[in-house]
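Residues per chain are reported as follows:
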Amino acid sequence: MSESTVLPETTPLTTATSRWPDRSFRWLAIGAAAMIILLIGLVGWQLSRGAHLAIAAFGPGFLTSSNWDPVTDEYGAWPFIYGTLVSSLLAIVIAVPLGVATALFLTEMAPLKMRQPVVTLIEMLAAVPSVIFGLWGIFMLVPWLRDHLFQWIAHSWLGYLPFFKGPIYGVSMLAGGIVVAIMILPIVTSVSREILRSVPNLQREAAYALGATHWEVIRIAVLSYAGRGIFGAAILGLGRALGETMAVTMVIGNRPEVSASLFAPGYTLASVIANEFTEANSDLYISSLFELGLVLLVVTVLVNAAAQLMLRTLTGQGMGKIK
Amino acid sequence: MTAATDTFEPSRAHQIWRKWKSRGMSVFLGVCAVAVISPLFLVLYFLVSKGASALDWNFFTQLPKPTGEVGGGMANAIVGTLMLLGMAAVVGVPIGVMGGVYLAEYGSDRANYWIRFAADVLNGIPSIVWGVVVWALLVVPFKTFSAYAGGAALGFMMIPLIMRTTEEVLVLVPQSYREAGLALGIARWKIITVIVIKTALKGIVTGILIATARIAGETAPLLFTALGNNFWNHNLSEPIAALPLQIYNYAISPYDDWHRQAWAGALVLMAMILTLNIIVRVISRGHNKSN
Amino acid sequence: MADVVPAKIIVPQATTVGGEPTNSRAMAEETIAFDVKNFSMWYGARQALYDITIRIPAKKVTAIIGPSGCGKSTFIRALNRMHELTPGTRIAGDLRLFGENLYGSNVEPTVVRRRVGMVFQKSNPFPTMSIAENVLVGLRLNGLTQKSFLRQRLEESLRMAALWDEVKDTLGRPGISLSGGQQQRLCIARALAVKPEILLMDEPCSALDPIATAKVEELIHDLRANYTVVIVTHNMQQAARCSDKTAFFYMGKLIEYDETRAIFMNPANPQTEAYVSGRFG
Numbered sequence: 005m006s007e008s009t010v011l012p013e014t015t016p017l018t019t020a021t022s023r024w025p026d027r028s029f030r031w032l033a034i035g036a037a038a039m040i041i042l043l044i045g046l047v048g049w050q051l052s053r054g055a056h057l058a059i060a061a062f063g064p065g066f067l068t069s070s071n072w073d074p075v076t077d078e079y080g081a082w083p084f085i086y087g088t089l090v091s092s093l094l095a096i097v098i099a100v101p102l103g104v105a106t107a108l109f110l111t112e113m114a115p116l117k118m119r120q121p122v123v124t125l126i127e128m129l130a131a132v133p134s135v136i137f138g139l140w141g142i143f144m145l146v147p148w149l150r151d152h153l154f155q156w157i158a159h160s161w162l163g164y165l166p167f168f169k170g171p172i173y174g175v176s177m178l179a180g181g182i183v184v185a186i187m188i189l190p191i192v193t194s195v196s197r198e199i200l201r202s203v204p205n206l207q208r209e210a211a212y213a214l215g216a217t218h219w220e221v222i223r224i225a226v227l228s229y230a231g232r233g234i235f236g237a238a239i240l241g242l243g244r245a246l247g248e249t250m251a252v253t254m255v256i257g258n259r260p261e262v263s264a265s266l267f268a269p270g271y272t273l274a275s276v277i278a279n280e281f282t283e284a285n286s287d288l289y290i291s292s293l294f295e296l297g298l299v300l301l302v303v304t305v306l307v308n309a310a311a312q313l314m315l316r317t318l319t320g321q322g323m324g325k326i327k
Numbered sequence: 085m086t087a088a089t090d091t092f093e094p095s096r097a098h099q100i101w102r103k104w105k106s107r108g109m110s111v112f113l114g115v116c117a118v119a120v121i122s123p124l125f126l127v128l129y130f131l132v133s134k135g136a137s138a139l140d141w142n143f144f145t146q147l148p149k150p151t152g153e154v155g156g157g158m159a160n161a162i163v164g165t166l167m168l169l170g171m172a173a174v175v176g177v178p179i180g181v182m183g184g185v186y187l188a189e190y191g192s193d194r195a196n197y198w199i200r201f202a203a204d205v206l207n208g209i210p211s212i213v214w215g216v217v218v219w220a221l222l223v224v225p226f227k228t229f230s231a232y233a234g235g236a237a238l239g240f241m242m243i244p245l246i247m248r249t250t251e252e253v254l255v256l257v258p259q260s261y262r263e264a265g266l267a268l269g270i271a272r273w274k275i276i277t278v279i280v281i282k283t284a285l286k287g288i289v290t291g292i293l294i295a296t297a298r299i300a301g302e303t304a305p306l307l308f309t310a311l312g313n314n315f316w317n318h319n320l321s322e323p324i325a326a327l328p329l330q331i332y333n334y335a336i337s338p339y340d341d342w343h344r345q346a347w348a349g350a351l352v353l354m355a356m357i358l359t360l361n362i363i364v365r366v367i368s369r370g371h372n373k374s375n
Numbered sequence: 668m669a670d671v672v673p674a675k676i677i678v679p680q681a682t683t684v685g686g687e688p689t690n691s692r693a694m695a696e697e698t699i700a701f702d703v704k705n706f707s708m709w710y711g712a713r714q715a716l717y718d719i720t721i722r723i724p725a726k727k728v729t730a731i732i733g734p735s736g737c738g739k740s741t742f743i744r745a746l747n748r749m750h751e752l753t754p755g756t757r758i759a760g761d762l763r764l765f766g767e768n769l770y771g772s773n774v775e776p777t778v779v780r781r782r783v784g785m786v787f788q789k790s791n792p793f794p795t796m797s798i799a800e801n802v803l804v805g806l807r808l809n810g811l812t813q814k815s816f817l818r819q820r821l822e823e824s825l826r827m828a829a830l831w832d833e834v835k836d837t838l839g840r841p842g843i844s845l846s847g848g849q850q851q852r853l854c855i856a857r858a859l860a861v862k863p864e865i866l867l868m869d870e871p872c873s874a875l876d877p878i879a880t881a882k883v884e885e886l887i888h889d890l891r892a893n894y895t896v897v898i899v900t901h902n903m904q905q906a907a908r909c910s911d912k913t914a915f916f917y918m919g920k921l922i923e924y925d926e927t928r929a930i931f932m933n934p935a936n937p938q939t940e941a942y943v944s945g946r947f948g
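Chains as they are written, first to last, in the working numbering: chain A, 5 to 327; chain B, 85 to 375; chain C, 668 to 948.
What the hints contain is simulated information worked out from the structure, not anything from laboratory work. In this text, all values refer to a predicted model and were calculated from it rather than measured experimentally. Think of the CB as a built atom: it goes at the ideal place given N, C-alpha and C, for glycine as much as any other residue. Hints are not guaranteed to be accurate.
Stated by the list, open to error - Have a look at the derived ranges for each label pair, beta carbon to beta carbon:
(1) B/170 - A/16: 48 to 54 Å
(2) B/178 - A/127: 26 to 32 Å
(3) C/767 - A/127: 55 to 61 Å
(4) B/125 - A/67: 37 to 43 Å
(5) B/166 - A/156: 43 to 49 Å
(6) A/31 - C/773: 20 to 26 Å
(7) A/165 - B/166: 47 to 53 Å
Build out the structure end to end from the sequences listed, making use of the hints.
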């Protein structure tokens, strides 16, 4: 049967057509989707396997010990957990109010023509890679902090607080927090915007009808309604902040000490792995770094999952915009 | 307006206070918006002013000079980044697109919920963790740092991004095209590839470009996979240089000349990323409906 | 069944009430395209078609009319197994295409759909393809690629769809650049290109203006020489103009099926009469 003369109209219904092309295509698609699950499993498995030695050697005390000493082959995670938590929380404290305020500005106040350019600029901010923020941080931000902002803070009434005592190097926990704050601003702002946009106009109208001023409308009708969603946006930002590596490494000072002062250098889970992994010369050293990675993974995944759950129930669907 | 003691009439002063408070808050919100955008301008300004002066023909054509020597360039790092992006695409695009096809064409609601959730989890994994995992997977067994490992790490990071964007655009293709294809007796897989994917192609491509722009600047996953290389890479199972790696190494070094080159490299990297973003916008323009 | 005695005595033709032929002599002269016996369909728990028995003749135009929700679209989609796109559908009964069981265990739905073509309510030419590519896509994707053969089929199909003269110089333009009426004729050409024996049309003119509608109706008239056409329409005048036989569906049941003249001039069933005289639906 030559190709050109096989005319479909006379084919009997029971003609065997190969199901294989359809079947294999479907299996390819299923396989690809399954890869996602596989990859998560792979990550978890590799980290656990690598951390096994350290877990067996140190037990739960690993998480609370501050003794990180490659010379004596003794390792403890606390300074890094502390550093990660503090720098991330700092970032949230700075970024969430600014991000929500900007989101409010965009949804409630800005004239329409101003909105798109501002949104575009924020998206550009999101496109700047971590290492470039780090570069800018080392050469621009840190010297400025060291010579101006930190000096100003130390000499003001804030200098009496334990958070702002001690020598000023520039590289510090606070510098790390600031840089991470800049990096999570775009996602906090965009998620907050979506939350605010989902507040029904009816709420705003009700407040206006009561004679409220613009700000009062925002405060009463919008913010309180959106409160939970904004909390979710903050948690999402936290999830991003926890995983930041390069920019933090470049400005935080990389000293494993636990200090109340924000001027003191710090060290995060991600930074220590980045700095010391290729130089780790004992099995226990590498394994401890793996365990740090495992801690980081678990914390990040839990925080992100919590944020997704919170936001999913509010917007009704998953977060499509992954930045 | 008489202020009787037992009426609700608010005082004049209070009204004025409320009005100015509202105005003040508006200004405050505007200031916050400016504060949020300003780091972008600050960074770009320094990138351009410090980086442009260090850009010269040498930068694009020469290899790095030995430690401490002045001069040289980042030619191998630029090429290395392009190669790594290509390898990442080989891993990330097929799996990401086919995963999106599964979600849009084959998956049940329940399965899709969990797969999307898994993709979100995957997306949230810190990039340094990817570096460690791929090190254990592809560097240790072969006893060498390699471009393969770097490409794989970046590729894995691309998968959830591409999957989500592909699903979004495939779902937008009207069901009537699939029905028309079926009514002609065309096999299902042909309908998906020749009709549905082709209709959604612009969106799929922009999704891939966006994911590429995202991973082009990633450094952490490359630290212990591609490792970096001061020379040309001749074999993909050897270490390879990459722009972000080179920028990082130069930035934390004590040499002024290397700092200068780090700015130049950062400018080139930023230009690459911005170009990708602009291409995305140009492609989307004929395609965007409302926003 | 009728409580009103017709004013005229009709010369018996292949009268059917509820689908069973009462005059077998006339029936024996026509070939039957679709032989449907006791066919029912469920969407999940909800029954959409109840025990349909009908014999649709070949090389004729059969219209299916009825108010919204009566099951006419559901029924026509069962004729090329398109209802299987919706999960949870279930059928019972016998449906044969020229004697072959459409729902047999060895039957491939894709083969069914090559022999039974379909045109939809809203025209849907593929947006990324030109006019020519749209017409030929069914052939190409089924492996027929010889250029001369395709060129011939292209002209043939566009002529049958009364579109050739309008587009013969612009075959490379995108399919969606045509007007609404032309797009629908393009979709008809696309369906005809694979030379199906049957052409199902699900309210093909409802999105078209009167002039475009007239062109499509003319087309339907001409198609009957080579094709069996089953057309669902909510426009009774259209059914009266275009079809040889008409079936009236109501609430998932086949109420009456007869020559079109009989249905419209002299329906046997009072429900049919109420519908065609515009008293409901």
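Here is how each hint holds up against the structure:
Remark: the range hint 48 to 54 Å for residue 170 of chain B to residue 16 of chain A is upheld by a beta-carbon distance near 49 Å. At about 27 Å, the CB distance of residue 178 of chain B to residue 127 of chain A agrees with the hint of 26 to 32 Å. Residue 767 of chain C and residue 127 of chain A have their C-beta atoms about 59 Å apart, which keeps the hinted 55 to 61 Å range intact. Taken as a hint, the range 37 to 43 Å holds for the pair residue 125 of chain B and residue 67 of chain A, whose Cβ atoms sit roughly 42 Å apart.
Under the hint 43 to 49 Å, the C-beta atoms of residue 166 of chain B and residue 156 of chain A, about 45 Å apart, fit the expected range. One distance hint, 20 to 26 Å for the beta-carbon pair residue 31 of chain A and residue 773 of chain C, holds here, with the actual separation near 23 Å. Between residue 165 of chain A and residue 166 of chain B the beta carbon distance is about 50 Å. The supplied range of 47 to 53 Å therefore holds.
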